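Letter by letter, the chains look like this.
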Amino acid sequence: MTSFLDYLLQPREFAEIVNEFHVSDREYLHLLLDALLDDNTVLQNEEGQYQLGPSQSFEIEPPSFFTESVDGLAKSMAKAVVDRFSGRFFDATAGSNLFFFDDALAMNAYSVLRQSALSFVPEPLQRPGKFLDLGCGSGSSTAQIWSLIMKNTQFQPGQDFQMVGIDIDENFINIANEEFYDFLKDYIDISPETYSGLNGQHPEFKIGSTEQIPYPDGYFNHIFLSQVLHWTDLKASLVEIYRALKPGGLFFGSNIMFPRISHYMNLMLKTIEGVGGFFSKEEMVEHGKAAGFSKFDFCTPTTNFRFQKPNNL
Amino acid sequence: MTIAQSATEFKCKVCGEPLKFDLTNPTAFISKSDHEDFFGMKLTTYRVAHDSKDERHYNTVIVDHAGFFRGHRDAYSEPLSGITPSIDRGYWVFHEESETIEQTDNVVLALLISRTDRWVIDAVCPNNLNASEIATLVIDRVEEAWRVYNAIPQPMEARIADMEIHAWTSEKRILCVSFTNGALKPTIDSMASHIVTESEDSIIPQRRLLNVIFRILEKNPDMSPTILSRILNEDMLFATLHTPYEDLIPRIVQKTASRHPIAKEVLGPLLRGYTTLIEVLEDKYGSRYDEIFKMIDFVNRRKLLG
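Protein sequence lines, in the order shown, are assigned to chains A and B.
So the number in our numbering is just where the residue sits in the first sequence, counting from 1, plus 17.
So the number in our numbering is just where the residue sits in the second sequence, counting from 1, plus 45.
Calculated directly from the structure, the hints in this document are not laboratory data.
Only a predicted model underlies this, so the values are computations on that prediction, with no experimental measurement involved.
The reader is advised that the hints may include incorrect statements.
Computed list of lysine to aspartate or glutamate pairs in DMTMM-like fashion (alpha-carbon distance at most 25 Å, straight line) [stated by the list, open to error]:
#, chain 1, residue 1, chain 2, residue 2
1, B, K339, A, D23
2, B, K87, B, E291
3, B, K348, A, D88
4, B, K87, A, E187
5, B, K309, A, E187
6, B, K339, A, E140
7, B, K339, A, E196
8, B, K264, B, E291
Some chain A residues judged to face chain B by a derived CB distance under 10 Å, without partners named [what the hints assert, rightly or not]:
#, residue
9, S81
10, E85
11, G112
12, N188
13, N191
14, E196
Built from N, CA and C at the ideal position, the CB exists for glycine as well.
So here's chain A without its partners, still in its complex pose:
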C-alpha cells in the first residue's frame, strides 16, 4: 500500500489511479477510496481529485489478543489489497496461510464467541437432533459444540443426534477428520476408549459451503455458524441454509456486522475470491426474510443471532 499512498501525495483523478495501478475492478477501488476518505487518510478536493491527507503515521500496533498467526494473516491480506485492484485474488490457504488460518481458528476469542452464541440459543444443546456446524474449519468448533452436547445429554440410547461439520476447504476437512479427537481433548476429559465407544455419535466432516450444503431439503434441525457469513455471499447462503433446515428449524450463531467492523477489514476480506464481505443487521434481516425465515432475534453487543424457519409450510 505504501506506493499507492505515495502516489496520492499529489492530487489524482480516479481515472489516473486506474491507469497507474492497472485497475480492473473499479468497484473495489471505490471501496478502498471510500474507506480512506472516511477517516481522512485521503481527502477529496473540489475537482474530485484524491490526495493524501495531512502527514500521519501508518504504524499500527496489533490488538493484544492477536496471535502471531492472526498478525501474519492480517499483514498478508493487507498486502493483497493492491493486487486485488488488478483482479488478483488472495489464496487463503496457499503456502503458510493454511497454517496461519488453522492456528488462528484455535484462538480463544473464537471459542468465547461460540460459547456466547450457544448461550444465547441453548435449546440445540439439549435436543440437538441433526446439527450442522457450517464453516467448521479444521474441527475445533465442532469439537467444542460436540463436547457441550455430550455434557448436556450424555448421548442417551435412542437419542436423535447426528453432528455434521462442513467446510469449503479440503485441507481443513482433512485435518478435522484426522484430529477431531485431539481437538475434543481441549474441551472435555474423554479417554480414547470412551470416545471410540461412542462410534455412532462421531461427527461427519464433509466438503461443502454455505451456498452448497450437500444434504437434502429440510434435513437439519439446527444449523450453526460463527464468524463465517462475511466470507460468503450472504443472500445465497441464507437461501441455502433455509433450504437445508427442517420446518421450525433454527439457524443461529454469531457474526460481527457493520457498523462494528472497520471498512479496512472488509477490504482485506474481499481480497479473497467469492467473499461477500461484512454486512449490517438490517441487510441480514432483509435477506433472511427474502429467503423465508420468519423470526429474528439478535443480541447485537455479542454479535449473536437466531433465525427460525416457519413451522407450517
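Dock chain B against the given chain A, drawing on the hints supplied.
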C-alpha cells in the same frame, strides 16, 4: 523462489566423486520412482550408476520438483561385469554406513536375502557369524522346500549349524530370523510379508530401515504393521526437509509441540535440514516412533514445506 533445473548434481556416496545427471534424459538413470506429496514436496527417487576403476557405483538419490538433490537413499558398489554371478559364488553382503546390530534380547540373527540378485542384508548378525555363508545355506534349504512342497510353509523352519531358522519367503526374497525366545515371533510373523514383498517403488531394500525396525521392535514388540509399512516404503525418511518459511519455524514447532511434545526436541532440526527422519529414528527416538509419525502427519496436513 526455486528455479527448476534439469541436471541434478550430487556426490557419489561410495567414492565422493561429483556427479551430474540429466533428469530429462531417460538414459541418464537406471530407474525412477515418483512419490506422493511429502510435507508438500514432490520428490522423485532416481537410481544412477557410474564406473570407477574396476567397480560400478550405484547411487539411489532423492530429487525434489526443482531438480535439487535432497538426499541419498542408498549407495553400493559392484565389480564391473566380466564376473558372472554363479551358484558357486557366495552372496555379497550389502553394506551401508550404519552398523550391524550384533544382537538383541529376542533375535540372534535377521537376514534379508535376495533369491535373484545374490545379496544379503545383515540387519542383526553377531560378528562371529558369516552372513554370506548362512545366506547360501538358507537359499539351498528354501530351494529344496520349493521343490518338495506345493505351497511352502510360512515361515519355513530349518536348522543351520546350531540355529533354528525361521524363513519367510517370496519369489524374490527371504527373511530369515533366529530367535532367542518366542517373544517377537508373532510380531515378525505379522509383518514378514511386508518385508519380503518387493514393492514396485523399492529399488533395493534398506539396511538402515531394517536396522531401525529391529531396534524399535526390541523396545516395542507391538509395532503396528501400518508404521512398519511406512518405514519400509517411505523414501522420504532419507530426504532433508526444507521450508520456505524459515522465520515461522519457532511458531510451527510451538504449535506442533502443543499437540505432539516430541516436536520440541526434533522438529526444529528437521525443518532446518540439520537431520533427517531416518537419523531421528536411529537416534534415541526410535522407541518413540509412533509420536514421531504422528508429529510428521500433523505438520504434513498443514503443508508447510515445498
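- For which of the previously enumerated hints does the structure constitute a violation, in increasing order of number? Violated hints: 1, 5, 6, 8, 9; rest satisfied.
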